[in-house]
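**Student:** Chains A and B, in that order, give the protein sequences. Using this note's numbering, read the first sequence as starting at 3 and increasing by one per residue. Using this note's numbering, read the second sequence as starting at 3 and increasing by one per residue.
Derived from the structure by calculation, the hints contain no laboratory data.
Intra- or inter-copy, both count: the list cannot distinguish identical chains.
In silico EDC-like links for lysine to aspartate or glutamate, alpha-carbon gap of 20 Å or less:
id : residue 1 : residue 2
1  : K46       : D67
2  : K32       : E70
3  : K46       : E101
4  : K46       : E70
5  : K46       : E21
6  : K40       : E105
7  : K26       : E101
8  : K40       : D25
9  : K26       : E105
10 : K46       : D19
11 : K32       : D67
12 : K40       : E70
2 protein chains.
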Amino acid sequence: MIKVSVMYPNSPGARFDHEYYRDKHMPLLKARMGSSCKYYTVDKGLAGGAGAPATYVAMCHFFCDSVEAYQRGFSPHVQEIMGDIPNYTDVSPVVQISEVVVERS
Amino acid sequence: MIKVSVMYPNSPGARFDHEYYRDKHMPLLKARMGSSCKYYTVDKGLAGGAGAPATYVAMCHFFCDSVEAYQRGFSPHVQEIMGDIPNYTDVSPVVQISEVVVERS
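This is chain A alone, in the form it adopts within the complex:
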């Protein structure tokens, strides 16, 4: 299984609508990807290490069976999904694909 992490860098004054992200954007992603997205998680940054601000204002991680399953589910809807980003933020996210070594322990 793989995990796609979408991480929005934090900065002073960064605009991020956490409610829209939770209530509209992520359900849109799930609806469009269908069973290609097994499930997802959403985080809101609170703090970094040693009292610093959080590195990321928000993150999501969504889980797919494979890179191919991710691409198959995501690619046909990339325009609609990416086009929704300005509705909740002006931050460009960092994207990473990871192998899920431990899903839950």
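Given the structure of chain A, go ahead and fit chain B onto it with the hints provided.
**Tutor:** Only chain B this time, still in chain A's reference frame:
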């Protein structure tokens, strides 16, 4: 609930022993934190966006009821847990605490 993300920046030649991390370090963290750590996940970086290398060579995320529960569980063992890091990497991790907005959807 909060999530503590520990993210190890990737670089050419970065040393990271994924097996040690999965089999020794993370079980040590869980054992020392006890019920303060509800569960954890472990990721191995595969790729970044648009064909770039992964931003993080590895990540873990561990889940606690609150920031206070995290500090209560982690602080007494910080020296032992941090002291184990050189056994699997020479990379200094980025740490972030997040509010879990969606645990699984």
